[in-house]
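Once you have looked at the hints, place chain X on chain W.
Protein chains: 2
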Amino acid sequence: MTASARRQIPNWLDVAARSHPEKLALSFGGQQWTFADLHGWTAAAAVVLANAQAKNVGRIGILSANRPGVVFAVHATTCISVPVVPLNWRQTEDEVAWQLRDAGITVLIVDEDRAAVAEAASTKLPVAIVPITELERLPAPESAPGKSPRIALELEAAVIYTSGTSGRPKGARMTNGNLWFSAIASALHLGHNHDDVWLAAMPLFHVGGLAILFRSVIGAVPVILQERFDPEAALAAIDDGATLVSVVPAMLQSMLDARGDSPWPPTLRCVLLGGSAAPPLLVKGCVRCGIPVAPTYGLTEATSQVTTLLPDQTHRKWSSSGLPLPLTEIRIAAETGVAPLGEIGEIEIRGPTVSSGYLGDRLAESSDLANGWFRTGDAGYFDDDGYLYVVDRRDDIIISGGENVYPAEIERVLREHPSVVDAGVIGVPDKSWGSRPVAAVVWSGDLDRADLELLQHCQEHLARYKIPDRILVLDELPRSPSGKLLRRTLRQMIGESLERTTDEI
Amino acid sequence: MTASARRQIPNWLDVAARSHPEKLALSFGGQQWTFADLHGWTAAAAVVLANAQAKNVGRIGILSANRPGVVFAVHATTCISVPVVPLNWRQTEDEVAWQLRDAGITVLIVDEDRAAVAEAASTKLPVAIVPITELERLPAPESAPGKSPRIALELEAAVIYTSGTSGRPKGARMTNGNLWFSAIASALHLGHNHDDVWLAAMPLFHVGGLAILFRSVIGAVPVILQERFDPEAALAAIDDGATLVSVVPAMLQSMLDARGDSPWPPTLRCVLLGGSAAPPLLVKGCVRCGIPVAPTYGLTEATSQVTTLLPDQTHRKWSSSGLPLPLTEIRIAAETGVAPLGEIGEIEIRGPTVSSGYLGDRLAESSDLANGWFRTGDAGYFDDDGYLYVVDRRDDIIISGGENVYPAEIERVLREHPSVVDAGVIGVPDKSWGSRPVAAVVWSGDLDRADLELLQHCQEHLARYKIPDRILVLDELPRSPSGKLLRRTLRQMIGESLERTTDEI
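First to last, the sequence lines map onto chains W and X. Okay, so the first sequence: first residue is 1389 according to our numbering, each after it adds one. Okay, so the second sequence: first residue is 1389 according to our numbering, each after it adds one.
Misleading hints may appear alongside valid ones.
Note that the list lumps identical chains together, so a pair holds whenever it fits in one copy or between two copies.
Stated by the list, open to error - Keeping only pairs whose Cα atoms sit at most 20 Å apart, straight-line, the calculated EDC-like set for lysine to aspartate or glutamate is:
1. LYS1535 / ASP1773
2. LYS1411 / ASP1772
3. LYS1535 / GLU1731
4. LYS1443 / GLU1522
5. LYS1443 / GLU1791
6. LYS1535 / GLU1736
7. LYS1411 / ASP1700
8. LYS1535 / GLU1791
9. LYS1854 / ASP1784
10. LYS1705 / ASP1482
11. LYS1411 / ASP1773
12. LYS1535 / ASP1627
13. LYS1535 / ASP1772
14. LYS1535 / GLU1717
15. LYS1443 / GLU1410
16. LYS1705 / GLU1410
17. LYS1705 / GLU1731
18. LYS1705 / ASP1645
19. LYS1535 / ASP1771
20. LYS1819 / GLU1887
Bear in mind the hints are in silico, worked out from the structure with no lab data behind them.
If we strip away everything but chain W, and leave its shape as in the complex, we get (with noise of 0.2 Å):
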């Protein structure tokens, strides 16, 4: 056989209808479909995107909340073979505007609460817009499914876009490979029940909320897809017999609030505690309820998971990302090379799960990818038994809310001012969203003027959970010799002048 009709699979939906046509494929609010529906209601919405294609092929392009309709489009755009790219709701128009265009998006599904975003980042660009409820009427008799071609694993499925240093998001590409392979990794390092339920209250333009859909599909495991986080909602879900949920720490934290000291049900098997590093009193009080929280690593370029800690280690091992997962090699990268065991380093990671690169002119940061290494810019170590340690995350990352906030991203917006000769941000600790941003600039403008102006600045260009909470004016930025902002001295500066504000108030 020759290699490359090895690289193809059977479709991964046909496979799950045809074995499982009657189980329990995804719920949503007071609907459900079995796989067989899944099968249906995906090969019309196929038919739907394939017309919108008529025009200019592209990829295609994802601006909605969580709903049924944004499930049948990922499972549509595997059929026809055109990569999805769910973005970002909570984006402006020109950040939106910005994702169209860099990942030549021809066709973009949107919500009604989007639709007016979609059409002004659209104007001008040759992009058919389809209406999410399109997708979500009731598939007529004659679109019955046929068989779908087989999947090439080599093949591009979708864009996810992440952090940049250069301060735009960038377009992490994934392949078919990357989301079975990924699925498949899960199911062996978690298990893989006949039973097994996955709630997906995580958003699905978040590699976190998205893998789950492919691991539903790949291993028959019905999903309880809900449209946006709500502890009192989750809980209901986990009491209903969901056995595997996806979670930041914000919404366990909630979760666990909401639960008080009431039982968690046996039937929850693993509680994936990702998106940002697990603070350790979260993880103990998990354990100490019984609660089967696993720690994992996960990165948007290695299609979610990298390591998890496995529930049943969580009491020793409870700072712990956990195990690398089955086809994931890491390595922490030294000054001198690879790091011995208890050493911090750069984590690096290669493997079947691994991004193919970038879209666009971001290819350079494929270097990255030399030699199969992807060199991820978190720090971390191994210890003796191999369970990795991640200290810290790249860039000063700021999560908010469960949300990656870029500092650089705040900064080059901030710079497009006129009147800003210089910015820095950094993330302040915050009691309601874990850290928030806030800025530094050095202005040349009517210093009277400056909050104002900022502040209508970055109403306009940023999305609302991105705008910072505070912009202080400085005379100048720490910076190195080369320029590099020094973030550490910066953090300093901030700290001291919002003690000097706080003191004159």
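Relative to the frame of chain W, chain X by itself:
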């Protein structure tokens, strides 16, 4: 990342030993090995085998009954990237000698009972003999395993000899990828529970036995290994917690006989029934007793399972071999192309578990693999739900004037006649056509009208070339206790009957 880097994965035994060091990996007789132990013993075996290769690098053969050293040897060959060739230990010196030459074996691992045959077979060949006991000694502390090289999926991992219509067995070449994808597909299809335990009582030189070793290590599932099949020992292992078992019909029948009316434990969740067509009475008997039987169509050239009927479907599809495994495509080839549902034709398969071809001068047969499709030579059809029915194994098919004639099809037509109680068809050699069908029936009607009525019936329902040349009436057809038609006995009976008729003339 380069494509070749992408097709390498961490050594699966390294992963299992790191993730589940204390979990049982192997039990044999009274001895037990954890995954950490198995890792250590395998590393030690790898050193022995690498040293034995010093003079001549070639494939590594095993001529031994099931025992722990076979397991260590198989995993050790993965570590040193040398293909393993498990040989049927029932073979004669001549047969072994032929395979040693055919597979270019330079190291042969042998148990005591096979030492003389191995010695004699390897005379004049550059083969180093390694007693299997050398692999079963407690590894020295200094041979503690390091990290094994990654496993290249495209690399040849094993050769398994299979039957050849040409007279000599053919060595089917299996890559690491074939073995890995087969284990994954099996886990996806059967489920993958953390408390699973495989019973391996099949010979490890059969693909059905060997595949268990890879499912075990890739999924971190313990194996209970037994030296030879014994119904009482197999039942004891099941009572002891084996959840997954692989057997051929005769084995299962003897287990049913041995167990009698006593119940089977509920922990047993799947009895893979392969090797030859599952006798319907045996399957029905299991269904009646609540035994989770899973009739399976498997092939050496597909690294074992091709289709498996899951236990929850046996009550309504008991004569089917089930659905294709998730990574395997199947089509039914008819003269006119791909056969529609319900029509019998040759079973062709494609996918990442399919062997890349045979050893040596039988390469011409890899023309089977044109377009990625492997022609099994077996006949079958799909029902409306996509379940496969295997109607004839390749050796039973009658090739008449170049046309495939399927005994099962003729038998079905014959049985549809109201006076036919039972029917069996075999091929008899024919000078003009190569082979021609001859039938035997049990007839409940007027004996004088049998010939005429059967001929008319066949003419109405069968193409001319499929109509049997002779239809004999017998008192009874030879069937096994489980209901399987004994074609060899039928062949003798028909032969005698034809001779008698000829004599009478």
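TODO: State the violated hints by number, sorted upward, taking the hints as numbered earlier in the document.
DONE: 5, 8, 10, 12, 15, 18
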